[in-house]
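Just so you know, the protein sequences line up as chains A and B, in that order.
The first sequence maps to residues 1 to 432 in full-length UniProt numbering.
The second sequence maps to residues 1 to 287 in full-length UniProt numbering.
Think of the hints as simulated: they come from the structure by calculation, not from any bench.
Heads up, none of these hints are tricks.
Some but not every residue of chain B turned toward chain A, in silico, with C-beta under 8 Å:
#	residue
1	39
2	40
3	41
4	42
5	125
6	145
7	146
8	147
9	231
10	238
11	252
12	253
13	255
14	256
Dumping the calculated DSS-like pairs for lysine-lysine here, alpha-carbon to alpha-carbon at most 30 Å:
#	chain 1	residue 1	chain 2	residue 2
15	A	288	A	62
16	B	125	A	174
17	A	201	B	125
18	A	389	B	36
19	B	125	A	253
20	B	36	A	100
21	B	36	A	153
22	B	221	A	91
23	A	66	A	141
24	A	288	A	179
25	A	192	B	125
26	B	125	A	193
27	A	389	A	425
28	A	425	B	221
29	A	252	B	125
30	A	413	B	125
31	A	183	B	125
32	A	411	B	125
33	A	253	A	205
Just so you know, even glycine gets a beta-carbon here, dropped at the ideal spot from N, CA and C.
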Amino acid sequence: MKFKKALAAAAVATLAMISLSACSNKGGSSDSSSTKIPTKITKKTTITFWHGMHGSQESTLKQLTKDFEKENPNITVKLENQGSYQDLQSKLNSTLQSPKNLPTITQAYPGWLMDAADSKMLVNMTPYINNSKIGWGSAKKSDIRQELLDGAKINDTQYGIPFNKSIDMLTYNKTLLDKYGVKVPTNMAELKKASETIYKKSNGKVVGAGFDSLANYYVLGMKDKGINFSKKINFTGTDSKDVINYYAQGIKKGYFETAGSAGYLSGDFSNQKIAMFIGTSAGESYVKKGVANKFEYGVAPRPSKYTMQQGTDIYMFNQGSADQKAAAFMYIKYLLGKKQQLTWANATGYIPVLNSVANSKEYKDNTDSKVPGQLAKAMKHLYSIPVVKNGNAAYNGLYPIMQNIFAQAKKGKSWNSAIDQGKTKFNSNWNQ
Amino acid sequence: MKQNQKKAWLFLAPILILVTVFSIWPIIRAFIMSFKGGPIINMQYNGLANYQYIFSDPDFWHAIANTAIYAFVTVPVALIISIALAWFVFSKIKHKTFFETMFFMPYVTSTIAIGIVFRYILNGKYGLLDYLLRAIHLPAPDWLDDPSMSIISLIMFGVWASLAFNIVILMGALRNIDPNYYVLADMYGASEMEKFWRITLPQLVPTITFLLTVNLIGAFKIYTQVYALFNGAAGQANSAMTAVFYIYNKFQVVNTPGVAMAATVVLFFIILLATFIQRKITKKVNS
Numbered sequence: 001m002k003f004k005k006a007l008a009a010a011a012v013a014t015l016a017m018i019s020l021s022a023c024s025n026k027g028g029s030s031d032s033s034s035t036k037i038p039t040k041i042t043k044k045t046t047i048t049f050w051h052g053m054h055g056s057q058e059s060t061l062k063q064l065t066k067d068f069e070k071e072n073p074n075i076t077v078k079l080e081n082q083g084s085y086q087d088l089q090s091k092l093n094s095t096l097q098s099p100k101n102l103p104t105i106t107q108a109y110p111g112w113l114m115d116a117a118d119s120k121m122l123v124n125m126t127p128y129i130n131n132s133k134i135g136w137g138s139a140k141k142s143d144i145r146q147e148l149l150d151g152a153k154i155n156d157t158q159y160g161i162p163f164n165k166s167i168d169m170l171t172y173n174k175t176l177l178d179k180y181g182v183k184v185p186t187n188m189a190e191l192k193k194a195s196e197t198i199y200k201k202s203n204g205k206v207v208g209a210g211f212d213s214l215a216n217y218y219v220l221g222m223k224d225k226g227i228n229f230s231k232k233i234n235f236t237g238t239d240s241k242d243v244i245n246y247y248a249q250g251i252k253k254g255y256f257e258t259a260g261s262a263g264y265l266s267g268d269f270s271n272q273k274i275a276m277f278i279g280t281s282a283g284e285s286y287v288k289k290g291v292a293n294k295f296e297y298g299v300a301p302r303p304s305k306y307t308m309q310q311g312t313d314i315y316m317f318n319q320g321s322a323d324q325k326a327a328a329f330m331y332i333k334y335l336l337g338k339k340q341q342l343t344w345a346n347a348t349g350y351i352p353v354l355n356s357v358a359n360s361k362e363y364k365d366n367t368d369s370k371v372p373g374q375l376a377k378a379m380k381h382l383y384s385i386p387v388v389k390n391g392n393a394a395y396n397g398l399y400p401i402m403q404n405i406f407a408q409a410k411k412g413k414s415w416n417s418a419i420d421q422g423k424t425k426f427n428s429n430w431n432q
Numbered sequence: 001m002k003q004n005q006k007k008a009w010l011f012l013a014p015i016l017i018l019v020t021v022f023s024i025w026p027i028i029r030a031f032i033m034s035f036k037g038g039p040i041i042n043m044q045y046n047g048l049a050n051y052q053y054i055f056s057d058p059d060f061w062h063a064i065a066n067t068a069i070y071a072f073v074t075v076p077v078a079l080i081i082s083i084a085l086a087w088f089v090f091s092k093i094k095h096k097t098f099f100e101t102m103f104f105m106p107y108v109t110s111t112i113a114i115g116i117v118f119r120y121i122l123n124g125k126y127g128l129l130d131y132l133l134r135a136i137h138l139p140a141p142d143w144l145d146d147p148s149m150s151i152i153s154l155i156m157f158g159v160w161a162s163l164a165f166n167i168v169i170l171m172g173a174l175r176n177i178d179p180n181y182y183v184l185a186d187m188y189g190a191s192e193m194e195k196f197w198r199i200t201l202p203q204l205v206p207t208i209t210f211l212l213t214v215n216l217i218g219a220f221k222i223y224t225q226v227y228a229l230f231n232g233a234a235g236q237a238n239s240a241m242t243a244v245f246y247i248y249n250k251f252q253v254v255n256t257p258g259v260a261m262a263a264t265v266v267l268f269f270i271i272l273l274a275t276f277i278q279r280k281i282t283k284k285v286n287s
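Same shape as in the complex, but just chain A (with noise of 0.2 Å):
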């Protein structure tokens, strides 16, 4: 009898376990539509933050986070790290099943959250920053560049703050162009030619020049060429076949390379095994610690019209309440204050988003970075991935199809089926 007991007292918990979790998994929607937005935090509130930042890109952030509190005594912002971009991504998706675990903000990039926008999950940021207590009253005064704003909407609704901003640009190695003659490009007919000499002179020892990111190289590319990234692109069309081409080349007869898989040409710049390379600002700190004293490297803007802006934006989600949203902005806009924003970007290599700051004479006289003196120039022309459906997908996908072209470059043989095969994946990644 007793063991009877026993048996129905664990079935009960084990039923009362299962439709805890169950719970857990539903409701949370958007229930407290809070239209009115608290202008002063009266009571203790807390905040989640979620990111991706590690090193200093991290410690700057606490710092930035914890003189943040200080000023704000009511409001308590809990960091919480979740490793790399694409844990970050997974863990976001995971825990779009039960939005309660969400945290207040996050960090993301707008096509992880094109479904969270679909189910009214995340928090349109336009009333906020029309705020004039809580805000800054209109977008234009809050002096965020239009792009990097613009960057991250989601179905034109302005979803995101841009917060961690990167451009592509062209690191190169003076020392040694200086010593062949050879001046930096400014666009890529130059850039060829460059990359050519400086082959040609060290005797196939130094390769001219590399891309980090094969697909940033075909959407800028093409973008050059007057034509957006989209679903419309005609993967096997002449302008298409010229922006492959004109890489491929250089591959097979050797003054052009790519990353392969370290992901990243910083090593081999390092190494003086290549002398210039298109890669983000952000890894500058990278360069500088590879280079040493080993010879001097110069920064200089993309050698093409368009750049490319990536890095992550931040997002509201909706379940919190209006005290949690309220602070929350007031969180957001003190990291995007003038003062932080300077700090933040002469400590990480991101840009700063606002454009008193990035043409200020204390970014601009930063005599630790070479890329502040560049940005201006750099920056003219923005241009990011739509934020379409599939785009993110389409966009990642391009990197094992130019591997794949890029591969039979190297080896020396045609290319041009690789490219049919190339335009069949294109297609299907934008139709899933």
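Starting from the known structure of chain A, arrange chain B on it as the hints suggest.
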């Protein structure tokens, strides 16, 4: 008729609950999700559409083929080398425990860490292996960045990584063989080869069967090795795309969890079938 003691249920309850919640429920959920489409927060039933998608997706077949090649090459090769090494250490070498520990070390080291070391060894520009190959005037392929080499590199890595566990288990089995068999064999003047084929190997069959099953299932689920060797990607041009990598990609990057779960279900049945056939064959061999 044997009767299970009813009390046993009580003692088994904690683990039964854990297994149900964390192992059985996810399997059932995967089955259900494989018949649904749309994003994870708003999934709708769409019948067999996910299965139709994966069966007509060349990438899926490429991933399955890669996984099968990896499993059916790595597992037997690793097992043969393990048997040879274990036998060698057991019968020919002094300070057995030292070598046993040495061989076991890779098993307790993180795959990611080993992957980083392998990346240095296999690097096409600065790698140790290519340096040695060039020194003896052999062609030095680009192990990591040439798509046609990816699976070969992965198999090399897989064989090396599975030796540790196999050798330790086999050493245990070798110790359990009754030494009197060998004494008797020596009395009748059996050669080393005869002793190995007639005594050692037959005695090892149950252990080998176990290792074959465990290794095969593990090989079909390969993911970490690919991630470690190719720096978080499935090799250049997705040349080392495996089934689990495909599933992860469809779930997390492309955001089509239904497709990912359909692929999971297919992989589940492939592993089930492979294990079933393998058990049948070994049973036949044993009898």
